[in-house]
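Trainee: Under our numbering, the first residue of the sequence shown carries the number 69, and numbering increases by one thereafter.
For the record, the hints were derived by calculation from the structure and aren't laboratory data. Wrong hints could be hidden among the right ones.
To be verified - In silico DSBU-like pairs for lysine-lysine, Cα to Cα no more than 30 Å straight-line:
hint	residue 1	residue 2
1	K74	K228
2	K323	K376
3	K142	K76
4	K76	K218
5	K256	K218
6	K164	K76
7	K341	K194
8	K74	K256
9	K170	K256
Said to hold, decoys possible - Just the calculated beta-carbon pair ranges, DEER-fashion:
hint	residue 1	residue 2	range
10	K170	L288	36 to 42 Å
11	F273	E309	46 to 52 Å
12	Y255	R284	27 to 33 Å
13	F273	A123	25 to 31 Å
14	Q339	D154	30 to 36 Å
15	F247	T72	40 to 46 Å
16	D370	V103	57 to 63 Å
17	R148	P320	40 to 46 Å
18	F269	Y219	56 to 62 Å
19	R284	K170	26 to 32 Å
20	R148	A123	46 to 52 Å
21	R148	V281	16 to 22 Å
Here a beta-carbon is modelled for each residue, glycine too, at the ideal position from N, C-alpha and C.
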Amino acid sequence: MSSTFKSKFNYKLYFLVLLFLPFLLVLFAGLSTLVENIKSGSYFNEFGLTVIMPAVIIALTYYSFRFYITKSPKVEIDEREIRIGDNSISFSEIDKIRVRSKHNTYFLIMPYHYSEASSIILKNGKEYVLYVEHYLNGNLIRVNLNNLNKYLGGQTSYFKVSTSAVSQKQPQQFYKEDFHEYRQPPYKFANYYIFFPFIMFLIYFVFSFDAPVILRSIFLGIALLFYSILVRQSHYFLVSEDVLIVKNYLFPWWKRSFPTNSIYQATTEHQPKQELALKIITTDFRIYRYQSGLMNDSMFRDLISGLKVRRRVLHQTI
Numbered sequence: 069m070s071s072t073f074k075s076k077f078n079y080k081l082y083f084l085v086l087l088f089l090p091f092l093l094v095l096f097a098g099l100s101t102l103v104e105n106i107k108s109g110s111y112f113n114e115f116g117l118t119v120i121m122p123a124v125i126i127a128l129t130y131y132s133f134r135f136y137i138t139k140s141p142k143v144e145i146d147e148r149e150i151r152i153g154d155n156s157i158s159f160s161e162i163d164k165i166r167v168r169s170k171h172n173t174y175f176l177i178m179p180y181h182y183s184e185a186s187s188i189i190l191k192n193g194k195e196y197v198l199y200v201e202h203y204l205n206g207n208l209i210r211v212n213l214n215n216l217n218k219y220l221g222g223q224t225s226y227f228k229v230s231t232s233a234v235s236q237k238q239p240q241q242f243y244k245e246d247f248h249e250y251r252q253p254p255y256k257f258a259n260y261y262i263f264f265p266f267i268m269f270l271i272y273f274v275f276s277f278d279a280p281v282i283l284r285s286i287f288l289g290i291a292l293l294f295y296s297i298l299v300r301q302s303h304y305f306l307v308s309e310d311v312l313i314v315k316n317y318l319f320p321w322w323k324r325s326f327p328t329n330s331i332y333q334a335t336t337e338h339q340p341k342q343e344l345a346l347k348i349i350t351t352d353f354r355i356y357r358y359q360s361g362l363m364n365d366s367m368f369r370d371l372i373s374g375l376k377v378r379r380r381v382l383h384q385t386i
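The task is simple: from the sequences and hints, build the whole structure.
Mentor: This is the structure in structure tokens:
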């Protein structure tokens with residue numbers, strides 16, 4: 069019985085809409101003013117605030133949803149063909165598969181840097197680009213494309229579809245004295261001095277001022293958004309001979325471990341307007357990024373070098 073792999077859209081991408089929360093304040097103010105103007109008969113007063121700005125915000129939100137949907141077509145793979153959206157690709161049509169390739173596109177006029185992609189190039193020159201991080205099971209897209217690439221290249225005699233990932237066993241006990249810690253003192257991270265006063269002001273506003281519930285909810289949402297940004301930037305690392313542990317300064321009870329023999333590649337990555345991050349790709353093509361404002365460039369270099377020396381399992385290319 070043949071099996072079929074089916075992609076699952078990464079719903080977490082919709083959380084990016086939270087970035088529009090500050091604009092919702094403008095939308096709320098504009099629509100409230102518009103209602104008051106209609107009641108008073110002054111329809112065109114403050115036209116930019118009451119009509120143009122809300123229309124722009126609504127259009128931008130719609131564009132964002134549509135952007136991620138169109139960049140994330142349904143992918144199905146069986147033992148005969150690949151289906152991407154409404155297009156079916158027979159294995160005989162494929163000229164080349166790039167399991168890892170870099171592709172940039174644009175979000176409006178801004179570059180959309182998503183370096184982690186896979187591509188399928190047909191014999192007629194057409195190329196299909198799959199942004200694997202747009203899918204919850206994007207690592208399995210790469211696993212299947214990697215296996216298919218080996219099959220088409222004659223390295224294996226058959227192609228077997230993978231429909232589920234094998235979980236990596238996580239070590240349960242850790243002894244801190246066996247680890248080298250990579251972290252600077254928290255007071256050296258400038259964003260703490262910038263974000264925390266702003267967060268405290270927003271929380272103070274929510275609980276101290278008599279404002280409409282929707283307005284207080286928006287302010288609370290903005291405070292949580294900025295706190296979540298700080299959390300994302302507060303990772304640090306512990307390394308022993310056979311395991312890498314990721315911890316978070318603002319969530320001290322949270323941790324994730326990676327046996328070093330499960331790490332395929334570890335590099336640094338710097339996305340625009342974000343802290344430097346450690347990007348980990350595991351042997352089953354899962355991708356993890358951990359930003360850290362608690363480390364400098366030298367500490368990142370030492371961390372990656374230490375991982376390579378300990379297990380020599382990290383490679384630069386596929």
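Trainee: All hints are to be evaluated individually against the structure, with a verdict given for each.
Mentor: Status of the hints after comparison with the structure:
| no. | hint | result |
| --- | --- | --- |
| 1 | K74 <-> K228 | holds (14 Å) |
| 2 | K323 <-> K376 | holds (22 Å) |
| 3 | K142 <-> K76 | holds (8 Å) |
| 4 | K76 <-> K218 | holds (24 Å) |
| 5 | K256 <-> K218 | violated (48 Å) |
| 6 | K164 <-> K76 | holds (24 Å) |
| 7 | K341 <-> K194 | violated (34 Å) |
| 8 | K74 <-> K256 | violated (46 Å) |
| 9 | K170 <-> K256 | violated (34 Å) |
| 10 | K170 <-> L288: 36 to 42 Å | holds (39 Å) |
| 11 | F273 <-> E309: 46 to 52 Å | holds (50 Å) |
| 12 | Y255 <-> R284: 27 to 33 Å | holds (32 Å) |
| 13 | F273 <-> A123: 25 to 31 Å | holds (28 Å) |
| 14 | Q339 <-> D154: 30 to 36 Å | holds (32 Å) |
| 15 | F247 <-> T72: 40 to 46 Å | holds (43 Å) |
| 16 | D370 <-> V103: 57 to 63 Å | holds (59 Å) |
| 17 | R148 <-> P320: 40 to 46 Å | violated (51 Å) |
| 18 | F269 <-> Y219: 56 to 62 Å | holds (59 Å) |
| 19 | R284 <-> K170: 26 to 32 Å | violated (44 Å) |
| 20 | R148 <-> A123: 46 to 52 Å | holds (48 Å) |
| 21 | R148 <-> V281: 16 to 22 Å | violated (56 Å) |
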